[in-house]
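Undergrad: Let the hints inform the model, and build the full structure from the sequences given.
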Amino acid sequence: MEGAVAAAAAVIRHRTVEANGISIHVAEAGGEGGAGAAAVLFLHGFPELWYSWRHQMEHLAGRGFRCLAPDLRGYGDTDAPPEIESYSAFHVVGDLVALLDALGLAKVFVVGHDWGAIIAWYMCLFRPDRVTALVNTSVAFMRHVFIRSGADAVKTTDHFHKAYGPTYYICRFQEPGVAEEEFAPAHARHTIRRTLCNRFTVHKAGKPESEESPPPPPLPLPAWLTEEDIDYFAAAFERTGFTGGINYYRNMDRNWEMAAPWADAKVQVPTKFIVGDGDLTYHYAGIQDYLHKGGLKAEVPLLEDVVVIPGAGHFIQQERAEEVSDLIYNFITKFIPQPN
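Residue numbers (full-length UniProt numbering): 1 to 340.
To be clear, the hints were calculated from the coordinates, so they are not data collected in a lab. Hints should not be assumed to be uniformly reliable.
[As the list claims (entries may be wrong)] Calculated cross-link-like contacts (lysine-lysine; reagent style DSS-like; alpha-carbon spacing at most 30 Å):
no., residue 1, residue 2
1, K162, K266
2, K334, K155
3, K297, K334
4, K162, K334
5, K155, K293
6, K266, K334
7, K266, K293
8, K297, K266
TA: Right, here's the structure in full:
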């Protein structure tokens, strides 16, 4: 163990917490000074782990915050129930609320990325009483995608099918077994390398790679990623496979339907949104107007601002670790009571 992995290990502790009927692995940093430290809950995306937040955890722990980054349900050392329907947003938000209860935390700052951002949006809708403020990255709140609302509502997967066709990855992931072939555990190292090195992540159509088909030559790593980082991610997915994370996609329509009672609800939590201008999510049809001309602000009334980082891709908290860490810190400190 050396380099970035060693640096993370030097400040991060690990524990397993029983919550919501499963065992949740939690990486933790900071907070040694007592129960008074403000807590930050980091939520990772696909195909990632708590480890995606290693830089931010070190940064904020060194500034007095208690940092918590679980492996979400289905990932890493957290339990992975076999049933597809066990990966709804309601289950995952339930995990997080139960985790906070188990740790004695009434409210936390929440920071999300990718699927972690989606779960964070749902958490702020379902349980805003548990969230002091939110920093979300890459995936904006999109009511028509997340919640059945209105007589002309279109299911989430139908929306993506119509917009991008049947080979779009979200559409391909719906059929059990298809995505598992593409994301074979035997090729976990190649899959992680390909995904993290691709600024637009795994959106392109193409022939799935089976366990029998040899992976292509490895891509060169960007400056922000090391072979040790790839080792850490790959070892976890070689052990668990990718099905747990893929099952989140298979619950998109279920989430959309079950969230219908929140059809008219706003996200009533102070929020900052961060995205890279090289992220696929920043190039969805109409998204830039939505972000910059009041659409997101209408849905998230307490939105402070939208920060677009030039040259950054999808895995922004790793690509631009220091910049993202500073943005998080400067925002959440506004909600820390100052001594008289």
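Undergrad: A separate judgement is required for each hint: does it hold in the structure or not?
TA: So, going through the hints one by one against the coordinates:
Annotation: proposed proximity of K162 to K266 holds, straight-line Cα distance about 27 Å (limit 30 Å). For the proposed pair K334 and K155, the alpha carbon gap of about 38 Å is over 30 Å, so the pair is violated. Pair hint K297 plus K334 holds up; C-alpha atoms about 19 Å apart against a cutoff of 30 Å. Distance hint between K162 and K334 is unfulfilled; the C-alpha atoms sit about 42 Å from each other, more than 30 Å.
Distance hint between K155 and K293 is fulfilled; the C-alpha atoms sit about 25 Å from each other, no more than 30 Å. Among the hinted pairs, K266 with K334 is consistent with the structure: their alpha-carbon atoms are about 22 Å apart, no more than 30 Å. Under the criterion of a C-alpha separation no larger than 30 Å, the hint pairing K266 with K293 is consistent with the structure, at around 17 Å. Between K297 and K266 the CA atoms are separated by roughly 10 Å; this keeps the pair inside 30 Å, and the hint holds.
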